[in-house]
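**Q** Read off the chains here:
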Amino acid sequence: MKKTFYLGLSFLVILSSLTLWKYFRVRERKNLIRKAEKITFVRSLLSDFEKRWTRGDLESDWSHLRLKCSEDLGDFISVDDDFTRCNPDYINCLIRNNVLFLGKDQISWELLDKKNGKYYRPVNPALLLSLESLPRFSYLFVLKYDHENFPIILEDNCHEAYLPQRIYSFGLENGDPFFRWDNFQRNLFIDKYLVSNRDLLEWIRETNQDIKIEGRPYEIALGLSPEKMGQFCQFRGKQLLTAHVHEASTLHPGDYANSRPLKSLYYPFPDGKLSKISKMLNEDEINLEKTCSWIYSAECRDKFSFTHFSNKNPSWIGLFQIMGGAIEYVQNPLLPNQSLVSTSYYFPLVSTWQQLGKRLFWEGQSFQRNRLKDIEEQDLTFLQENFDVGFRCMREVGQ
Amino acid sequence: MIRYLTLITTLSMFIFWFILNQKENELEIDFFFSQLEIHLANSYQANLNEDALKQEKIIYPFNSWIVLGQFSYFSSQKPATLCLFFHTPYKNKKGSLKFISLPDIQVCEDHLYSERKNEMIEVDSLSLKYNPEERFLSFLINDNKRKIFLSNVPQKAFSYKRFSLSSSKRAYQGLLFLGLAAKNFSSKSFNIPLAKKNPCHNVSSSCKNLTKFKCHLCEGGFFSEVSLCPQGGRKFCGPSHCGEKGEVACMKGIFQLKEKENGDYCRLASQISFCQQGLFPQCNEEKMIICEK
Chain X
1 MKKTFYLGLS FLVILSSLTL WKYFRVRERK NLIRKAEKIT FVRSLLSDFE KRWTRGDLES
61 DWSHLRLKCS EDLGDFISVD DDFTRCNPDY INCLIRNNVL FLGKDQISWE LLDKKNGKYY
121 RPVNPALLLS LESLPRFSYL FVLKYDHENF PIILEDNCHE AYLPQRIYSF GLENGDPFFR
181 WDNFQRNLFI DKYLVSNRDL LEWIRETNQD IKIEGRPYEI ALGLSPEKMG QFCQFRGKQL
241 LTAHVHEAST LHPGDYANSR PLKSLYYPFP DGKLSKISKM LNEDEINLEK TCSWIYSAEC
301 RDKFSFTHFS NKNPSWIGLF QIMGGAIEYV QNPLLPNQSL VSTSYYFPLV STWQQLGKRL
361 FWEGQSFQRN RLKDIEEQDL TFLQENFDVG FRCMREVGQ
Chain H
1 MIRYLTLITT LSMFIFWFIL NQKENELEID FFFSQLEIHL ANSYQANLNE DALKQEKIIY
61 PFNSWIVLGQ FSYFSSQKPA TLCLFFHTPY KNKKGSLKFI SLPDIQVCED HLYSERKNEM
121 IEVDSLSLKY NPEERFLSFL INDNKRKIFL SNVPQKAFSY KRFSLSSSKR AYQGLLFLGL
181 AAKNFSSKSF NIPLAKKNPC HNVSSSCKNL TKFKCHLCEG GFFSEVSLCP QGGRKFCGPS
241 HCGEKGEVAC MKGIFQLKEK ENGDYCRLAS QISFCQQGLF PQCNEEKMII CEK
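Note that the protein sequences, when read in sequence, are chains X and H. Residues in the first sequence are numbered from 1 upward in steps of one, following our numbering. Residues in the second sequence are numbered from 1 upward in steps of one, following our numbering.
Don't read these hints as lab results, they were simulated from the structure. You may find that some hints are simply not true.
What follows is a list of derived Cβ distance ranges for each label pair [to be verified]: (1) H:129 / X:215: 48 to 56 Å; (2) X:227 / H:292: 20 to 28 Å; (3) X:28 / H:56: 33 to 41 Å; (4) X:148 / H:28: 18 to 26 Å.
On the chain X side, residues computed to face chain H include the following (Cβ under 10 Å) [said to hold, decoys possible]: (5) 4; (6) 46; (7) 127; (8) 150; (9) 180; (10) 189; (11) 236; (12) 316; (13) 318.
Restricting the straight-line Cα-Cα distance to at most 27 Å, the calculated cross-link-like pairs of lysine-lysine (DSS-like) are [unchecked claim]: (14) X:104 / X:144; (15) X:30 / H:98; (16) H:293 / X:373.
The beta carbon of each residue, even a glycine, is placed where N, CA and C say it ideally should be.
Produce the complete structure using the sequences and hints provided.
**A** Here it is, written out as structure tokens:
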């Protein structure tokens, strides 16, 4: 009797253990299925998130003060939409104002940089994920949902232009180019806009630079030494823009379809023969407001405000801020002293220095008037003692 | 009394066991695909079996294991491989769908018969379709439809042209979804400095890769020597000083070359490269085109 009882009890214990094991197994499976459901839910939000990232402030919420973004983007004064596109600080503002994924209260974001109140960190995904094919510079956001973390990496694909593979010319000497070159088998991407204060502030934060920034985040970053400009570009996984690539991306190449032209022509304005600018300049009475929106020249400074991130007057590949505005520094591997692209608000509209492909001879060290050579004194009428110099970067992408 | 209690408890346990078993069977397909979903949520590369995709129901080759797909994904911030296998049904024998996950990038064919821990379900019939535009991998198992979204997988074979975006053509442009990650997933420091003298990508003069590309580890980018190789020449960490005295020459291009030239490009130095005014491109003892007087 006792034996049967103990046998039964042993059987019951074994069965209970098995049932318990089965119970936990089923629970574990349910938990895993729940995890997959969370992934599906979060992914359903990504389409909207991507639109916010790539389209920026299309509704002009920031400019119309419907969104308080001063802390992230600065006070709005004359800046085009492109500034908010692929801009992590715009997303930061949306998160801060709790307007991203409206109605989805269970979603939150991790404050990754507590000191600066940023919900993002710049990362090198290629290094982070040990994968060479990923971009070298992106932004990490971490979305939180139901006790799970979902890292999302956002890449800036709004502010670079591709330089088509073809033959280009470089420089002008008695009407002929210094030499012709090509970028066949090479994929070059160039910054569409000059580096902004926002970009610089981020670099200063991440690399503890002892540099003070004046001006609003969307304004052009000015006054950096060429060495520091190069360091900034390296931080972004890029190189400083070179003079021959600058010319290739701003001077109109003539026939788009023919990538191997026998001869290169020189056009002083962005869209070649049909230039709206040359038409504007040839009109009997120049419409200054219209012209200044294309080339912010010396005449414009007292009359009209400068539009930041202006998407007017693009080059043939879509580079902006190529004429007027601040002087642009380029690294010139052929003639190192010819490194300042002259077109700027320091020259009048009709000056030949206002044309594309013209560079000032600069002795280096500081951006002071007396460092410029080979220029007539009369051409320097509008140049201040210290002049403004911006820059942009470029990078080569694998085949 | 105790006897009855034991009997009732045993009976209840049996019923409970039976219910749990039923539940587990019901969850089998959901569980399998949930695991697949979790693994593939951040997959960034997919190589699918074109022959299997063409079949209405996958039955060929009969009674054999085949690789349905090989996927690269991130596991603990490192690349990993997921292999999806299928054993085709034959006569009364059901088909089997299973996957295994492997560390690093591996070839799935090598693991077709491996005894590794894997997940497997038996199926009467299976159909697999892939929509490369929408990045949906659709399964029809028996009569159950299941979809896996491969949002990070880029569009195959595209070439850059004017106005091209710089990012790969993924389902969400410029967005990389990393799926579920450990709580300590953080942005670690930017770059690991590599020795400056050693190339981060060593390429021979006959265009063979002598080392793996490691330039993504460079502190502040990298530059390449002048080369006619499609993958570029030797690459080094650091900023480019091309054209300066003693530095690598700048690439002028290949348009002046009459025919495709490989190997000894030293004699072509002035055609394919340029230096600062007053310097001339010439090969040094390492057969690298540098700028000297």
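**Q** For every hint, state whether the structure bears it out.
**A** Right, here's what the structure says about each hint:
1. H:129 / X:215: 48 to 56 Å: With a Cβ separation near 55 Å, residue 129 of chain H and residue 215 of chain X satisfy 48 to 56 Å, so the hint holds.
2. X:227 / H:292: 20 to 28 Å: holds (24 Å)
3. X:28 / H:56: 33 to 41 Å: holds (36 Å)
4. X:148 / H:28: 18 to 26 Å: Taking Cβ atoms as reference, residue 148 of chain X and residue 28 of chain H lie about 24 Å apart, which means the hint holds.
5. 4: With Cβ-Cβ at 9 Å, under 10 Å, it holds.
6. 46: holds (5 Å)
7. 127: With a minimum Cβ separation of about 6 Å from chain H (threshold 10 Å), the hint on residue 127 of chain X holds.
8. 150: Status holds, d = 7 Å.
9. 180: Interface hint status for residue 180 of chain X: holds (7 Å vs cutoff 10 Å).
10. 189: holds (5 Å)
11. 236: Residue 236 of chain X check passes; min Cβ-Cβ to chain H is 8 Å, inside 10 Å.
12. 316: With a minimum Cβ separation of about 8 Å from chain H (threshold 10 Å), the hint on residue 316 of chain X holds.
13. 318: Status holds, d = 6 Å.
14. X:104 / X:144: Distance of about 12 Å is within 27 Å: holds.
15. X:30 / H:98: The hint holds at about 20 Å.
16. H:293 / X:373: Satisfied, since the Cα-Cα distance of roughly 26 Å is no more than 27 Å.
In summary, this structure violates none of the numbered hints.
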